[in-house]
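Peer 1: Residues per chain are reported as follows:
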Amino acid sequence: MTHLAKSPETSAVPVDPRPAAAQDPDVPVADRDNLMRWLPFLSTPVLLIILIGGWQFAVSVIGVSEFILPAPLDVARALGDLISSGTIWHDLWITLYEVLVGFLLALVVGTAVGAVLGRVLWLERALQPALVALQVIPKVAFIPIFVIWFGFGTTSKVIMAAILAFFPIMLNVMLGVRSVDRGHRDVMRGLGASRWATFTNLELKSTLPYIFAGAEVGIVFAVIGAIVGEYLGGSEGLGHLVVKSLNALDAPSLFAVIVLLSIMGSLLYAAVTLTKRLMIPWHDSVAGVSA
Amino acid sequence: MTVSAPQPSVAPRPGSNRAAGQAQLEVTGVDKIYQARRGEVHALSNVDLSIARGEFISLVGRSGCGKTTLLRILAGLLPPSSGSVTADGESIWRGGKRNDEAFQNFGLVFQDANLFPWYTVADNISLPLKLRGVARKARRARAAELCELVGLPGFENAYPRELSGGMRQRAAIARALSYDPTILLMDEPFGALDALTRDKMNLELQSIHAQAGATVVFVTHSISEAVFLADRVVLLTPRPGRIRSITPVPLPRPRSLETETSSEFQTIVRELRHELDEE
Numbered sequence: 001m002t003h004l005a006k007s008p009e010t011s012a013v014p015v016d017p018r019p020a021a022a023q024d025p026d027v028p029v030a031d032r033d034n035l036m037r038w039l040p041f042l043s044t045p046v047l048l049i050i051l052i053g054g055w056q057f058a059v060s061v062i063g064v065s066e067f068i069l070p071a072p073l074d075v076a077r078a079l080g081d082l083i084s085s086g087t088i089w090h091d092l093w094i095t096l097y098e099v100l101v102g103f104l105l106a107l108v109v110g111t112a113v114g115a116v117l118g119r120v121l122w123l124e125r126a127l128q129p130a131l132v133a134l135q136v137i138p139k140v141a142f143i144p145i146f147v148i149w150f151g152f153g154t155t156s157k158v159i160m161a162a163i164l165a166f167f168p169i170m171l172n173v174m175l176g177v178r179s180v181d182r183g184h185r186d187v188m189r190g191l192g193a194s195r196w197a198t199f200t201n202l203e204l205k206s207t208l209p210y211i212f213a214g215a216e217v218g219i220v221f222a223v224i225g226a227i228v229g230e231y232l233g234g235s236e237g238l239g240h241l242v243v244k245s246l247n248a249l250d251a252p253s254l255f256a257v258i259v260l261l262s263i264m265g266s267l268l269y270a271a272v273t274l275t276k277r278l279m280i281p282w283h284d285s286v287a288g289v290s291a
Numbered sequence: 001m002t003v004s005a006p007q008p009s010v011a012p013r014p015g016s017n018r019a020a021g022q023a024q025l026e027v028t029g030v031d032k033i034y035q036a037r038r039g040e041v042h043a044l045s046n047v048d049l050s051i052a053r054g055e056f057i058s059l060v061g062r063s064g065c066g067k068t069t070l071l072r073i074l075a076g077l078l079p080p081s082s083g084s085v086t087a088d089g090e091s092i093w094r095g096g097k098r099n100d101e102a103f104q105n106f107g108l109v110f111q112d113a114n115l116f117p118w119y120t121v122a123d124n125i126s127l128p129l130k131l132r133g134v135a136r137k138a139r140r141a142r143a144a145e146l147c148e149l150v151g152l153p154g155f156e157n158a159y160p161r162e163l164s165g166g167m168r169q170r171a172a173i174a175r176a177l178s179y180d181p182t183i184l185l186m187d188e189p190f191g192a193l194d195a196l197t198r199d200k201m202n203l204e205l206q207s208i209h210a211q212a213g214a215t216v217v218f219v220t221h222s223i224s225e226a227v228f229l230a231d232r233v234v235l236l237t238p239r240p241g242r243i244r245s246i247t248p249v250p251l252p253r254p255r256s257l258e259t260e261t262s263s264e265f266q267t268i269v270r271e272l273r274h275e276l277d278e279e
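In order, the protein sequences belong to chains A and B.
Heads up: the first sequence runs through residues 1 to 291, numbered per my numbering.
Heads up: the second sequence runs through residues 1 to 279, numbered per my numbering.
Certain hints may be false.
DSSO-like mimics (lysine-lysine), calculated; alpha carbons at most 30 Å apart, straight line [what the hints assert, rightly or not]:
| id | chain 1 | residue 1 | chain 2 | residue 2 |
| --- | --- | --- | --- | --- |
| 1 | A | Lys-205 | B | Lys-97 |
| 2 | B | Lys-97 | B | Lys-130 |
| 3 | A | Lys-205 | B | Lys-137 |
| 4 | B | Lys-130 | A | Lys-205 |
| 5 | A | Lys-139 | A | Lys-276 |
| 6 | A | Lys-244 | A | Lys-139 |
| 7 | A | Lys-276 | B | Lys-97 |
| 8 | A | Lys-276 | B | Lys-137 |
| 9 | A | Lys-205 | A | Lys-276 |
Example chain B residues on the side facing chain A (calculated, C-beta under 8 Å, incomplete) [said to hold, decoys possible]:
| id | residue |
| --- | --- |
| 10 | Ala-75 |
| 11 | Trp-93 |
| 12 | Asp-100 |
| 13 | Leu-108 |
| 14 | Asp-112 |
| 15 | Asn-114 |
| 16 | Phe-116 |
| 17 | Trp-118 |
| 18 | Leu-127 |
| 19 | Pro-128 |
| 20 | Leu-131 |
| 21 | Tyr-159 |
| 22 | Pro-254 |
| 23 | Leu-257 |
| 24 | Phe-265 |
No lab work stands behind these hints: they were computed from the structure.
Cβ coordinates follow ideal geometry from the N, Cα and C atoms, glycine included.
Using the sequences and the hints given, assemble the complete structure.
Peer 2: Below you can see the structure in the form of structure tokens.
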């Protein structure tokens, strides 16, 4: 990022032709900015240590039964066993596959449907009651039906992941398509821009932040969809492993799989955020307007 | 008023121009009626205006007098309800559609800078060139040149949000100038700026006008700004919006801030203010 001007507020000297005018050398603000940037990297390890410390405390001092809460070390050992056993990679891959395919499906279909509904007003009005109904229905309840229709394999989970991720993406894109600035439209109209030029230079660019806002929620929902799908039916995947550990009353490996799932979910979310940072560096949500 | 539909709308009435034959923009019998929720709003009524090549016209009036509407009609962003507008003899509306060819030489500056936040200053400025298929390298060169012209050197790679309001407005002006338009339409471009910045921008606009030799139509609600910049000041009155008077400003150019203290300047401003108050 160019650091010509930290923010419009601090460089309020309205007009001065020299670049220096915008470069308000406000050192304390810059210091605070730096600290703010690094704060999460300091606070997260601290929080993690507190969590694990409290956990250990609950196990060894309060004496919670190890069937309810296994010690952190036991969980770590179970995690090590899982990883070294090798079969975990297959399950991990299955779940990852379901999440990714479901998410990409939702991204493509959600963006397309959202763009159409955002532009064609009568269609949106006609479909609105149906859309609200679909949104309100607890979609997880459909998993048994999908199992009947698509079997115990990955297809039913992919569809579950896709359906859960679809709505936040579609709704955001719809909002984004409608939120194209009128003044920006006037600029393009005034220049006699073609429809295609208007789409690539204006509509797509201004909708991208909304697509990413939807995708950030969507990827989390896709993980939920895939895992719940595996809970309810199937013989592979991390969700199935959770159920298997539960049935064997193997609390440490149950916790270990949950840890794995959390890591996977976090990494996927981070991947979406990183893509966002690369694709819309100009947006406020990325550039971080800290006054 | 008889602006009958069957008559070909292109033909301007001969002899009605001040600068006959040289008129670049010709507005003939333009009406604009908005369909509002509570009946019709007559925004413009029977506006005739002929603007010569290289002329600087200011449109003044209180808010709601239809000056922005008139400018948007000139820019082809709004169709007139009746009447015709021609640029270089070509009608700007053709079969209910904006005649984009007639607008090739138009540059627009709005009340807001309307820069695209996803493009850098240079990319914003050279956007019109991109739409015209100019190569990237030539665009960059032109953008750097224009940054210099409007006083934004070194800001080519900054994003709009990193600029102050005045700087953004300069970039917007640079964008409008990027393809050397022969007509500049400006809708209160400095309305959101403070008085000091405004004075400065007005001086710059004057020198840009002198250098580029473009025709300028400038909307403002400040009488002194209008008089300072214009060759002719067009006073509009509201309900319905129509031209009340057209006042020539014979002050010599280039005008400086001292011009504003001269008695001629103040006489013109006073007369226009009286006219506004008489409504």
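Peer 1: Flag every earlier hint the structure violates by its number, smallest first.
Peer 2: As far as the earlier hints go, 7, 11, 22, 23, 24 are violated by this structure, in ascending order.
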